[in-house]
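Chemist: Each chain, written out:
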Amino acid sequence: DTEVTQTPKHLVMGMTNKKSLKCEQHMGHRAMYWYKQKAKKPPELMFVYSYEKLSINESVPSRFSPECPNSSLLNLHLHALQPEDSALYLCASSQDGWDRGHHEQYFGPGTRLTVT
Amino acid sequence: AQKVTQAQTEISVVEKEDVTLDCVYETRDTTYYLFWYKQPPSGELVFLIRRNSFDEQNEISGRYSWNFQKSTSSFNFTITASQVVDSAVYFCALIEPPGNNRLAFGKGNQVVVIP
Chain A
503 DTEVTQTPKH LVMGMTNKKS LKCEQHMGHR AMYWYKQKAK KPPELMFVYS YEKLSINESV
563 PSRFSPECPN SSLLNLHLHA LQPEDSALYL CASSQDGWDR GHHEQYFGPG TRLTVT
Chain B
1432 AQKVTQAQTE ISVVEKEDVT LDCVYETRDT TYYLFWYKQP PSGELVFLIR RNSFDEQNEI
1492 SGRYSWNFQK STSSFNFTIT ASQVVDSAVY FCALIEPPGN NRLAFGKGNQ VVVIP
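Keeping their order, the protein sequence lines are chains A and B.
With the first sequence counted from 1, adding 502 to any position gets you my numbering.
With the second sequence counted from 1, adding 1431 to any position gets you my numbering.
Don't read these hints as lab results, they were simulated from the structure.
Be aware that a few hints might be false.
Stated by the list, open to error - So these bits of chain A aren't anywhere near chain B, every CB distance computed over 10 angstroms:
#, residue
1, Met517
2, Ser557
3, Asn559
4, Pro563
5, Ser567
6, Asp587
7, Ser596
8, His605
9, Gln607
10, Val617
Claimed, not checked - SDA-like mimics (lysine to any residue), calculated; alpha carbons at most 25 angstroms apart, straight line:
#, chain 1, residue 1, chain 2, residue 2
11, A, Lys511, B, Thr1461
12, A, Lys520, A, Gln597
13, B, Lys1434, B, Val1542
14, A, Lys555, A, His579
15, B, Lys1501, A, Lys538
16, A, Lys540, A, Thr518
17, A, Lys538, B, Lys1469
18, A, Lys540, B, Glu1475
19, A, Lys543, B, Pro1472
20, B, Lys1501, B, Pro1472
21, A, Lys540, B, Val1543
22, A, Lys542, B, Ile1442
23, A, Lys543, B, Thr1509
24, A, Lys538, B, Arg1533
Stated by the list, open to error - To spell it out: a stretch of chain A is covered by chain B in this simulated footprint if at least three of its residues, at any positions, have a beta carbon under 8 angstroms from a beta carbon of chain B; those stretches are:
#, segment
25, 547–554
26, 578–585
Think of the CB as a built atom: it goes at the ideal place given N, C-alpha and C, for glycine as much as any other residue.
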């Protein structure tokens, strides 16, 4: 099973709202990722969690707050977003540990976020 | 500096034609991994293939084939006898040495298969 699930599929929120995106995987992967993708662009890395600890934050504004409650779950808390934050948000997971030889990331279907 | 270059932006082919997507990468490391992903209109990125820097064996999987050449830093992808379901954006990506989980994506190739 190489499935990564994300909820919700679509989200419309106002600039004063607080919402959360959720991601789940049951592949035993220990690295999880959040990406942001604008139309006709490749995904841009936002955050990486490795063994449930934040290992990479690509200088993402504080209105995005990641959380990794356990090795299977990843959340992205949203607060006071701007219209330019409207995008497809993708979650991914992979095995961690360079010596294991598998570094492909498996992606979820994404959440299409619209900020009004 | 861009580490992965996919020069073609949009490629249109008539169904049953072959289509080849070019990927040129740049790295100073001897150990690295290359990937191809497919992103259909639904949005999900689908992993297609992984190659490590020590494995130059080319591969055929059904209608897909890959040509990895370290001498030219290229990792090209061919779809044989294209079908409408192949219409998608295809991304080439690179990951480098230990401790770095960053996937460097190319800009992507939009493939349109015309019935």
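Chemist: Confirm or reject each hint.
Modeler: Verification of the hints:
No Cβ of chain B comes within 10 angstroms of the Cβ of methionine 517 of chain A; the nearest lies about 24 angstroms off, and the non-interface call holds. The Cβ of serine 557 of chain A sits about 7 angstroms from the closest Cβ of chain B, inside the 10 angstroms cut-off, so the non-interface label is violated. Consistency note on asparagine 559 of chain A: stated as away from chain B, and its beta-carbon is indeed over 10 angstroms from all of that chain's, at 12 angstroms minimum. The claim that proline 563 of chain A lies off the interface holds: its Cβ sits roughly 19 angstroms from the closest Cβ of chain B, which is beyond the 10 angstroms cut-off.
At roughly 20 angstroms, the least C-beta separation between serine 567 of chain A and chain B is larger than 10 angstroms, which holds for a residue marked as non-interface. For aspartate 587 of chain A, the shortest C-beta to C-beta distance to chain B comes to about 17 angstroms, beyond the 10 angstroms cut-off, and the non-interface label holds. The claim that serine 596 of chain A is not at the interface with chain B is violated, since a C-beta of that chain comes within 10 angstroms of its own (minimum 7 angstroms). For histidine 605 of chain A, the requirement that its beta carbon stay farther than 10 angstroms from each beta carbon of chain B is not met, with the minimum near 5 angstroms.
Interface exclusion of glutamine 607 of chain A from chain B breaks down, the closest Cβ pair being 6 angstroms apart, not more than 10 angstroms. Interface exclusion of valine 617 of chain A from chain B stands, the closest Cβ pair being 18 angstroms apart, more than 10 angstroms. With a C-alpha separation of about 40 angstroms, the suggested pair lysine 511 of chain A and threonine 1461 of chain B falls outside the 25 angstroms cut-off, and the hint is violated. Pair hint lysine 520 of chain A plus glutamine 597 of chain A does not hold up; C-alpha atoms about 31 angstroms apart against a cutoff of 25 angstroms.
In summary, the hint linking lysine 1434 of chain B to valine 1542 of chain B is supported, as the alpha carbons are separated by about 22 angstroms, within the 25 angstroms threshold. Between lysine 555 of chain A and histidine 579 of chain A the CA atoms are separated by roughly 16 angstroms; this keeps the pair inside 25 angstroms, and the hint holds. The straight-line distance between the Cα atoms of lysine 1501 of chain B and lysine 538 of chain A is roughly 31 angstroms, outside the 25 angstroms bound, and the hint therefore fails. Between lysine 540 of chain A and threonine 518 of chain A, the direct Cα distance comes to roughly 22 angstroms. Compliance with the 25 angstroms bound is thereby established for this hinted pair.
As the CA atoms of lysine 538 of chain A and lysine 1469 of chain B are separated by approximately 17 angstroms, the hinted pair is consistent with the 25 angstroms bound. For a cut-off of 25 angstroms, the pair hint linking lysine 540 of chain A to glutamate 1475 of chain B stands: about 13 angstroms separates their Cα positions. For the suggested pair lysine 543 of chain A and proline 1472 of chain B, the alpha carbons sit about 13 angstroms apart, so the restraint of at most 25 angstroms is met. For the hint linking lysine 1501 of chain B to proline 1472 of chain B, the alpha-carbon distance of about 32 angstroms lies beyond 25 angstroms, and the restraint is violated.
A C-alpha spacing of about 20 angstroms is found between lysine 540 of chain A and valine 1543 of chain B, which places the hinted pair at or below 25 angstroms, so the restraint holds. As the CA atoms of lysine 542 of chain A and isoleucine 1442 of chain B are separated by approximately 14 angstroms, the hinted pair is consistent with the 25 angstroms bound. Between lysine 543 of chain A and threonine 1509 of chain B the CA atoms are separated by roughly 22 angstroms; this keeps the pair inside 25 angstroms, and the hint holds. This hinted pair checks out: lysine 538 of chain A and arginine 1533 of chain B have alpha carbons roughly 14 angstroms apart, not beyond 25 angstroms.
Residues of the segment 547–554 of chain A lying with their CB closer than 8 angstroms to a CB of chain B number 3, which satisfies the three-residue condition for coverage. Against chain B, the segment 578–585 of chain A contributes 0 residues with a C-beta closer than 8 angstroms to a partner C-beta. That does not satisfy the three-residue criterion, and the hint is violated.
Checked against the numbered hints above, the structure violates hints 2, 7, 8, 9, 11, 12, 15, 20, 26; every other hint is satisfied.
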